[in-house]
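> Fit chain B to the known structure of chain A by using the hints.
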Amino acid sequence: MSVIKKKSLGGITFDVFNYTFMILFSISIIYPFWNLVLLSFADQAEATNLGIRLWISNWNTSAYKFIFTHNNVPMGYVNTIFRAFTGTVFMLLMCFLGAFPLAKKNLPGRNVLTIFFLITMFFGGGLIPSYLLIKNIGLMDSIWVYVIPGMFSTYNMIIMRNFIMSMDKELEEAALIDGANYFDVAFKVIAPLLKPVLATIALWSIVGHWNSWFDCLIYIKDDKKYVLQLIVRRMVVQSQGEYDFMNMEAFNKLSEIKIHSSNIKSAVILVTIGPIILVYPFLQKYFVKGIMIGSLKG
Amino acid sequence: MSNNFSNSQIANKYLINLKLKFRYKEVKKMWLLYVFLLFPIVHTIIFNYLPMYGVVIAFKDFKPVKGILGSEWNNFQHFKDLFSSIGFFRVFKNTIYISILRLAFGFPAPIILALLLNEIWHVKFKKITQTISYLPVFMSWVVLAGVFFEFLSVQRGPINFIIKGLGGQPIDFFTNKVWFLVMLISTGVWSGIGWGAVIYLASLSSVNPELYESAELDGANRYHKAVHISLPALAPVITILFILNLGGILNAGFDQIFNMYNPLVMEVADIIDTYVYRMGLVNAEYDFSAAVGLFKNIIGLILILITNLIVRKVSDYGVW
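For the protein sequence lines, the chains are A and B, in the order given. Under numbering that gives the first Met the number 0, the first residue of the first sequence carries the number 0, and numbering increases by one thereafter. Under numbering that gives the first Met the number 0, the first residue of the second sequence carries the number 0, and numbering increases by one thereafter.
One chain only, chain B, in its complex shape:
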């Protein structure tokens, strides 16, 4: 029993052969469809499956000169290095910390916005506000970083202008370790709040209006209606999205951080993905970096599978 995977491969081929024998006529008729499929299949093999194989360099002492096959195995040495490396421990800590901060502030924000928008009865006003609210989603973080470099600039940015006007010291949001995180989370929430609210608003619009009417007859005010009708109506969506977000906890926002960080805030801003990038593509430590990436992907995959399973169980219960 050398390799379970290749055994099931063989088994699969056997099964396919059986099926094809029975349905040979169909295959002949549909030959063109298989030609169609050849294109995505070949593309997927080259750009998805070949890199999956390439991951083996995480277990090797990769020398580009020798190539992937020629390089020697060093088994789990990279992973041992990983766990004993202070650099990795720091980025792992930062990743979790930033993800938790993002969840704490970034998860409730769209819900609140949706609840508030739901109270706007002037249709055009609501639509225009919504349209404006998700504008940032269509910008890259390269652009948004540029926008905020200026907006939060110490010398001429509006924010520091207000701070100076109120008598305070201007804040350098990009070099101060604490304020950098404040800025990171705030701009992250800012850019995602409008788009995040879309799903909640869609759910809210499907709530039976009679529920609100009868609540009003019973004397409920806006607050009561929001807490006792709207919020429970959102509970399933909120639960599912929250669980799914937990599954992505190892992704702390590479695009945003990569474009906004610099050596001065590296200590708090460096996350697993930026570490993999620097170790791999800047320092050319391809094998070690591949090991870090693989480690993250496997843990991430386990998390996603677990959270997806939980979501399925939860939505089987229906509305609760």
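Next up, chain A with everything else stripped away, as it sits in the complex:
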């Protein structure tokens, strides 16, 4: 900012207020989550009147033991990790398969093809026709419904395409002259150079899959195929958790420290966002860089 720093009284007052405001603001973002942390470890007495506090006296890990043994949480992890990984790999591959050819200005039919894809960004069938389609294809209640319908994104392909177009043509031309076919050029020459774009798309894809719940809600009936988000939703939002809390009674009979539903609910939420929060501070700057690439080119 400015080099000359005149410290006026008004300026200092403003600074004090501004910094204080930022600290309060940051607390307002963190505290709702911290509240859940406390709740997940609190015993019955403290939990009923939690209110505002920074710490609790008895840290009780029973809720976490419970959800990992008596619950669908481990299965939820498997399903969520499956879709995040598989979905992202497919996405990167599919977008590349579209971006690489479309980046060539001399590809016959390029304009038509590009329009063919762009139209889908403006118009779609909507929820009901898509739902009926999935039904008719036979992806209903299949774990592949997490991966297959969403494995291509025109938006991501365009980002990749623009990135490739901004690269030096000579690299590719040199390889072609040397007798390489397009397969080698694509995967051995160009793809390795796409790391920034691939990383950005991959990050957003992983987070997107991790947070997906709607497709699970409408297409999946078998709760062994549930993702973590749906387990959270069933317990926390839908109040149909009687199923999940059934086992709680049995657990409580066997253990000294009793857990109750709010323990379990908050533990499940935290376990779902845990990986994201752990990884977040280290990766967040790549996310931010990512939108910059997207918005500049797009």
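Be a bit skeptical, because a hint or two may be false.
Within a straight-line C-alpha distance of at most 25 Å, the following computed BS3-like cross-link-like pairs (lysine-lysine) qualify [as the list claims (entries may be wrong)]: (1) Lys126/B x Lys284/A; (2) Lys168/A x Lys27/B; (3) Lys62/B x Lys220/A; (4) Lys194/A x Lys103/A; (5) Lys187/A x Lys104/A.
Pulled from the structure, derived: some chain B residues nowhere near chain A, Cβ distances all over 12 Å [said to hold, decoys possible]: (6) Ser5; (7) Tyr23; (8) Leu37; (9) Phe75; (10) Ser98; (11) Trp178; (12) Ile242; (13) Ile248.
Hints listed in this document are in silico derivations from the structure and should not be mistaken for laboratory results. From a predicted model like this one, the values you see are computed outputs, not experimental measurements. Every residue gets a Cβ at the ideal spot worked out from N, C-alpha and C, and that includes glycine.
Just chain B now, with coordinates in the frame of chain A:
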């Protein structure tokens, strides 16, 4: 002249054939590229274009037994039903109302945050605050709903704890129609403010520092600098984003509302998207619901096209 679309399809094919004849050699050389393209093309046909065709059930009396082709046409009956339905009128009203509220509070908030953050000169403090500020963007509304169910809980939530401590009656944010909207907009602003500020901060960082320096020499204080230098510098971005936001006015935040609403607040919380969901997937009125969805998409598309055109005109003018 039966169908304009298929005529231009034919015309396109003719043109493609012409082009291909001239460039047959190129196509032969590039055959592998077309194999590559086959994958996204097939995927797009199945998952994007087939549903577009499926939308025709909005004009039919759809019976799943008969299938899409076998069901009879009822032309615009669903749309007539739509316009005369009280349910639809209510959700349409709610959608617009909630969107306007979101714009009124949620649009200025990131701008103000960006302007304030811009005044923080301690770099590490600024970075840490920013990082914390957009944490909610990486959570789903299923999770955030859970967070707020607890945080705003009547019995043990911190907010009501404060209210009770100040001598007031605890507020049930999820069953009271007025407070529900307050909660909806507030949590919506809370979750988007940090991320929204990123773009504004990026624009602010590209302002020439000399402008600020010479303003200071002329006697300007922080407030003057913010209003007369920073804000005008943001004017183009603000204008574009505002116009684009207007284009999305029919989207009032399905994810958030769907996870937070319940029958008690349905009257104010039901929006077009939640209505489509319930009519279609819960009541299995596939055809009517498809009609509602189509109606919304078409209006939304028109809005987006208009606002995008306006944005292009505006940014042609450059900085104003």
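> Against the structure shown, which of the earlier numbered hints fail to hold, in ascending order?
Checked against the structure, the hints that fail are numbers 7 and 8, while the rest are satisfied.
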